[in-house]
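Let the hints inform the model, and build the full structure from the sequences given.
Residues per chain, in single letters:
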Amino acid sequence: MRDVAVVGFAQRQMPEFDGSPTCVELLVPLFAECYEQTGWTRHDVGFWCSGSSDYLAGRSFSFVSAVDAIGVIPPVNESHVEMDLAWAMYEAWIKIQTGEVDTALVYAFGKSSAGVLRRTLALQLDPYLMTPIWPDTVSLAGLQARAGIDAGLWDERAMAEVAQRSLTDAEKNDYAVRKGGSSVDALLARPMYADPLRKHDCAPVTDGAAAIVLAAGDKARAVREQPAWLTGIAHHVDPLSMGTRDLTRAPSARRSAAALDVTGVEVAELHAPFSHQELVLRRELGLADDVSVNPSGGALVSNPMFSAGGIRVGEAARRIWSGEASKALAHATSGPALQQNLVCTLASTPEGTN
Amino acid sequence: MPRTLSAPVTVAFDYTRSTGPVIGRFLTGLRDGVVVGARTSEGRVVIPPPEYDPVTHQPTTDFVEVSSSGSVTSWVWVPEPVAGQPFDRPFAWALVTLDGADVPFLHALDVSSADEVSTGMRVQVRWAAERAGAITDIACFEPADDGAGAIVPFPGDDVVSGVVTPVELDYVYAASPEESAFYRGLAEGRLLGQRCPTCHKVYIPPRSACPTDGSPTTDEVELPETGTVTTFCIVNVPFLGQKITPPYVSAYVLLDGADIAFLHLILDIPAEEVHMGLRVKAVWKPREEWGTTIENISHFAPTGEPDADYDTYKNQL
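Which chain is which? The protein sequence lines are A and B, in order. Under this note's numbering, think of the first position of the first sequence as 1, with each following residue one higher. Under this note's numbering, think of the first position of the second sequence as 1, with each following residue one higher.
Read the hints as simulated data drawn from the structure, not as lab findings. Note that the Cβ used here is the ideal one computed from N, Cα and C, for glycine as well. A couple of the hints might just be wrong.
When the alpha-carbon atoms are kept at most 20 Å apart in a straight line, the in silico SDA-like pairs for lysine to any residue are as follows [said to hold, decoys possible]:
| id | chain 1 | residue 1 | chain 2 | residue 2 |
| --- | --- | --- | --- | --- |
| 1 | B | LYS201 | A | PRO74 |
| 2 | B | LYS285 | B | ILE269 |
| 3 | B | LYS201 | A | PRO75 |
| 4 | B | LYS201 | A | VAL72 |
| 5 | B | LYS285 | B | SER250 |
| 6 | A | LYS199 | A | ASP155 |
| 7 | B | LYS314 | A | ILE73 |
Non-contacting residues of chain B with respect to chain A, defined by C-beta distances greater than 12 Å in every case (computed) [said to hold, decoys possible]:
| id | residue |
| --- | --- |
| 8 | ALA187 |
| 9 | VAL235 |
| 10 | VAL274 |
| 11 | ILE297 |
Written out as C-alpha cells, the structure is:
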C-alpha cells in the first residue's frame, strides 16, 4: 500500500447560503485556501472528486456546474459521488493507491436550506415502500432514539450530555452554526420537539462546502512537516429497511472499525447528526473512555449535507498537523439512522502509532 | 436589496416502477386487505418481504399472511408534518410488529397527542377505503379496538406489477451573485457579462468562476444586443409546455464581444433560412413587461447584415 496523507483542508458552514446551489462561489475561495496550504496550483492536483446531490440543489447536473471552480483547460481527471465528501475521499485514496496519481483534491457542497431537508432526504429511502409515505429524517432518528431509551441503553440525560458538550466545544469553532452550552438540566428543561428528541438533539439544517487535499509519500512530506497519514480506511452498509436491523446498533460502523487498528486513538471526530447516534457510535467503534470525542462540536452543531462527514476527517487531520494528537479517528455516516458508515484512522507516522 | 435574486421552483416527476414478484406480492396483499410477509432462512417472518434472503441470498418464495394487528415497538412524535406524509396534522410514526411477524414495520399511527402512544400499545391497520396496490393502501395504524382492522372488500384478481410514485419537491432557487447582476441588468434592458481576469474571456450569462482556469470573474462588461448564430436546431417536436408552434429555431447566439454563446430563439425568419453565421439582434418585449428575466428578450431576429466570417466564431462552436 502507498502511504497517503491528508495535507489540506478548508471548510465553510452557514445556516443559509444566499447564493446558487451549485456553490461555485463557495468553492472558489475553498480551493484558493487549499492552494495556499499546499503551495500548489490546480495543475499539481492529479485527481478531483466531488460529492453532492441534485435533489438537494433542485437542479440537474449541479456537480458539472461546480467543475467551473476548478478550471478545466487543459482537461482534468475528475469524478463525482452522490455521497458525502468522506466517500469522495475514499475514491481518491483508491485512485492514489492504483499508482495512477500522487495527489488529489476532493470537495463537496450542499445547500440544504433550498428545500425542506428532512423531507428531501426521504428520497434516499426504499422508493417502493417508504418514499411514498415520506418518512422524514428527524422522525427516523427519533424511532432509533426511542428504541435505545426503551432498551435502557441510554436516556434523555445521556443525550443532553452529548448536546451540552457539543454546544460548549462549538464555542471554539468559528464554523459552528449553533453554539453556546448552558447545562444539562437547562437542556432537559427545554420542550420536546419530535418526542423523544428535543431540537438540540438534532443537527441544525446547514449549508456549506468543504475540501480535503490528499498526497502520497514525499509529495505529502513536501507540503507539511507533519502530514496526517491515513493509516486505515473502511466503509460498510446496513440494510435500508428500518425493521430488519436492531436500530440501537450500527453493525456497519462496528465492522468498519474492526478492519482498522483503533487502539491508541486520542481524538475521534464522529459524524452523529443526532445526539444518541454519538452514543451508538462510541459503542460500535470501541472507543476508550478517555478518547476526546468531537472537540470541534461535531455534526450536532453544524451539519452541512455532503460535507459534514468529510469535515470530521479534516478536523481530525488538523489535530495531527498541530501535534495536538498523534492518532485520531474520523467517521462519516450516510442514510437513515446510521445506515452507512465510513471510518478512518489518521496518525503522525505512516505506520500509525499505538 | 438582497445579494442574490431567488424564486420558488417546484420539481415534480411521477416515478413509474415495476415491482417484481416479491414486492408485487406484498402490494397485491395490501390491495386485498391482507398483510403478506416472508419467512427467511433464519425462520423469521419479515414485513415487508425482502426480495432476497439476507443470509442465503436466494429469492424469497416462502410467503406468510400475518395479522393486521400488532404491538408498537418504537414511535416518534411528528409535530410538524411535511407534504406527502399520511397526515397534515401532528401524528406519530410507529414501528409495529404485527402478530405473526418477527420484525417491525414502519407506518403512521393516528393519535392526537404524544400522550396517547406508548411502546407496547396494541394497534391495528386502518385500511384505505380505496386501494390500488401501494403502501398507501394502509392509511395508517390506529389504536386497536374490538373490531380489529375492518376491511373494505376490494375486487381484484390480477397481481400488482407496478407502482407510480409522484414526487414533488419545492425549492427556493437562488441565482449566484453574478447571475443576479445579469438578471438585474436585463430588467434595465442591459446585457451584463463578466470578463475573466486571467484569460480575458467574456462570459454571458456571467459565471462565478471562469470554467477555463477557475479564476473568479470580477470585471463587469456590458455587451451589445447584436450577435451571430453559431449553431442552431429546428424544433419540430411538440412537448409539454411548449409556447411556440413548431417548426421554430433554437440557436446559440454569440453576442459581439462575448466568448461564449447562449441559447435563444430565432424568429421573424423562416426556419429553413436560419444558418450558421447569421447576424441577429435582440427583439425586446414592451418595456412594461420587463422583469429580472431573460424573457425580456422575446427573441433574436436577423439584422440584414452580411453573414459573419466563420473565423469570427469558429472557436465558440
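Status of the hints after comparison with the structure:
1. Restraint check for LYS201(B) and PRO74(A): the C-alpha separation of about 16 Å stays at or below 20 Å, so the hint holds.
2. For the hint linking LYS285(B) to ILE269(B), the alpha-carbon distance of about 18 Å falls within 20 Å, and the restraint holds.
3. The hinted pair formed by LYS201(B) and PRO75(A) meets the criterion: a straight-line CA distance of about 17 Å does not exceed 20 Å.
4. A threshold of 20 Å between alpha carbons decides the hint, and for LYS201(B) with VAL72(A) the separation of about 14 Å falls inside it, so the pair holds.
5. The hinted pair formed by LYS285(B) and SER250(B) meets the criterion: a straight-line CA distance of about 18 Å does not exceed 20 Å.
6. As the CA atoms of LYS199(A) and ASP155(A) are separated by approximately 16 Å, the hinted pair is consistent with the 20 Å bound.
7. The suggested pairing of LYS314(B) with ILE73(A) holds, with an alpha-carbon distance near 18 Å, which does not exceed 20 Å.
8. Consistency note on ALA187(B): stated as away from chain A, and its beta-carbon is indeed over 12 Å from all of that chain's, at 19 Å minimum.
9. Consistency note on VAL235(B): stated as away from chain A, and its beta-carbon is indeed over 12 Å from all of that chain's, at 20 Å minimum.
10. No Cβ of chain A comes within 12 Å of the Cβ of VAL274(B); the nearest lies about 28 Å off, and the non-interface call holds.
11. Its beta-carbon lying about 22 Å from the closest one in chain A, ILE297(B) satisfies the requirement of being farther than 12 Å from that chain.
The structure fails none of the hints (numbered hints given earlier).
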